[in-house]
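Trainee: These are the residues of each chain, in order.
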Amino acid sequence: MHGKALVVDLTTRTSVEQEIPHKYYAHYLGGRGLGTRLLHDFIDPTTDPLGADNVLIFVVGPLHATRAFYSSKSVLVTKSPQTGTCLYSLSSGSLGHNLARCGYDALILKGRSEQPSYLVMKDRSIEFKDASRIWGMNTGDADYFIRQKVGAEASIALIGPAGENLVKYACIVTEGRQRNTFGRGGVGAVMGSKNLKALVVSGSGEVHIADEAALRQAQRALTKRLAAAPEWAKPMRTYGTRGVLQYMNAAGILPTRQWHTGQYKNIDAFVPEAILKNWIVSNENCAPYCPNPCYHWCTVKEGEYAGATAFGPEFETIYAFGSNLENARFDSIIAVDDYCDLMGLDTMSTGLTIGWATECYERGILGQGDTDGIDMRYGNHQMLLDLIRRIAYRQGEIGNLLAEGSKRAAAKVGQGSEAWAMTSKGMEFGGYECRGSWGQAIQFAFSHRGGCHHDLGTPARLEMGTPEATQVEGRGTFVKAAAYRRIIYDSSVMCAFPLPVLGLESSSELLSAVTGRNLDIAALEEIGERVLNIERLFISKAGFRREDDRLPSRLLLEPLPDGPNRGKVVPLEALKDEFYATCGWDPLTGIPLPETLQRLGIDLSI
Amino acid sequence: MRVLLAGSLAERAGQREISLALAGRTTREDLLRALAARIPALAPYLRLSPETGAALPLLVIAGGKWVHRGETIAAEAEVEIHPPIAGG
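For the record, the sequence lines run as chains P and S.
Take 66 as the starting number for the first sequence in the numbering used here and just add one per residue.
Take 64 as the starting number for the second sequence in the numbering used here and just add one per residue.
Among the clues, some could well be false.
[What the hints assert, rightly or not] What follows is a set of in silico ranges between Cβ atoms, one per label pair, in the way DEER data are often shown: (1) P/K342 - S/S82: 45 to 53 Å; (2) S/H131 - P/G479: 39 to 47 Å; (3) P/D276 - S/R101: 45 to 53 Å; (4) P/G444 - S/R101: 38 to 46 Å; (5) P/Y209 - S/E141: 35 to 43 Å; (6) P/A476 - S/A84: 30 to 38 Å; (7) S/E141 - P/P624: 20 to 28 Å.
It should be emphasised that the hints constitute simulated quantities derived from the structure, not laboratory data.
Each residue gets a CB set at the ideal place from its N, CA and C atoms; glycine is no exception.
Generate the whole structure from the sequences, applying the supplied hints.
Mentor: Here it is, written out as structure tokens:
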């Protein structure tokens, strides 16, 4: 890596190079870890996420621009307007590679542009452009507009109307027509608050690779591991993430009807073979250097959604707009997926926020007077596109209410509706029912991003079907180990999908070859623990305490009614004690203990 | 015992449904061993995962309930076996 960041002040339209301390790389690697460490340096954790003082840190990982397999992710770190926590967000694509080729390890955007603008970064040069003509455009049109003015190799990251209107779960869209996203936590609203429509990055330089021969050897070893696991690789290529829907339903962990149950009666609509036959047109890699492309183009050929085409939908979108809303119309989910991307909305939060309102409507808490006349019933796929538009533009009472996300909307509406606002810290959950998967319950309650399903390693995938899944003792150690692995992938910038096949062995080999350091698995696990703790330290300084590691009462008080996990609820307080003790955090507050920070070499002054 | 295979398990086995003549109080391990012996293509599912160091967590459900390690299955039960959950 290059050892320096470019800091751009959008208020003054100036930029300055800044050195990154050498020890940051040894301690935090890159990507998620390095970005979170830099976030500590650049903002006060109590900063208003939508104020000029917040920063957007696009950060590089050690594998960017090395052509390492699975170096597929770009990383963005900021403070989330949805949760008030530190937030890292990932998008597939080439932005990180381009940034690394510009000669920087991080691009840090601070301040606020007076007028709508977009930023063009070409190697070491920065140019501020007027965005008044594209402000208000959807992401597809704006991308097309900008693409006419920049080279085909440039990466464009941009916001849609949702980001401009500061929707709390607006995303940033990348990669042109694929419309990959920095999806979660409201990063698009942070960009919108800075009056920044788009960022364009193209780099032509190279990065230093310490040992080219060792990198080639690591690539060969990775390929062999992949070839030895056809039971994983082939279904991913054929069906993508949709391949798991029926298994998750059988296991009773496919959230359905706003998490009332874990089994969807119309699962036949989402059987992978049916999706492949009826909707999938082709598969394609979502980023360079992927040896096992698992994303797919889906198209609707006839009916009321004819012509809709999406690079997806992935599992989480199908859960959010399918089983969770009891909507079996896959064609509507294809249309919704692409429309959310055009508007610049996170599909998971959008689907679950609509789910919260749907339950309010079904219970009579919201009426048609509150929903601007929309009949918000489960299974009503025809309401979705209209609601998405209203949310993105904050149109009408319902659009403005739902643009705040389900936690804030529930706080406003009250009447017990907090029970089915399926969030932690304000971020809506990914699609893993956790009443029979207590490692996953820890994931949701303790994630420093909020109700994220994967930043601690998606424990449900590993524990489901085992007796330990519903035992408190040992869950802390189990989740902590999964979290370290995930953190290393996010900090290396590797796609985490092949993690079950590659483990940390491939990461260790690739990272050691590229950096020239001996990054064995023990060293990587220590980095993982350090990153987990600086994330925890950030949210502690922002004011989060034990009582904020919470789950909605539906998961604590309402036993799961069906499936192999029926009768189960989450014993959250016991899991808190277990996880805090495992991590070396104060059992009363959840703040990392001084001895934990000292052991990890974390500077107590940060 | 009627065994229903899902997803890539069925694909590897070349069939979705298998009947196994197993005695009463068959354990999960007995069942998987019998399956691997009957259909060698399924044997990779019994090896160790590089990530967890444990056998891949196949989802085994009989009569709507989990069948965990060491637990037994009635000889007349209908058993669903799903591959591990990955991706997402």
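Trainee: Does each hint hold? Answer for all of them.
Mentor: Checked hints:
| no. | hint | in the structure |
| --- | --- | --- |
| 1 | P/K342 - S/S82: 45 to 53 Å | 28 Å, violated |
| 2 | S/H131 - P/G479: 39 to 47 Å | 42 Å, holds |
| 3 | P/D276 - S/R101: 45 to 53 Å | 47 Å, holds |
| 4 | P/G444 - S/R101: 38 to 46 Å | 42 Å, holds |
| 5 | P/Y209 - S/E141: 35 to 43 Å | 54 Å, violated |
| 6 | P/A476 - S/A84: 30 to 38 Å | 60 Å, violated |
| 7 | S/E141 - P/P624: 20 to 28 Å | 25 Å, holds |
In terms of the numbered hints stated before, the structure departs from hints 1, 5 and 6, listed from lowest to highest.
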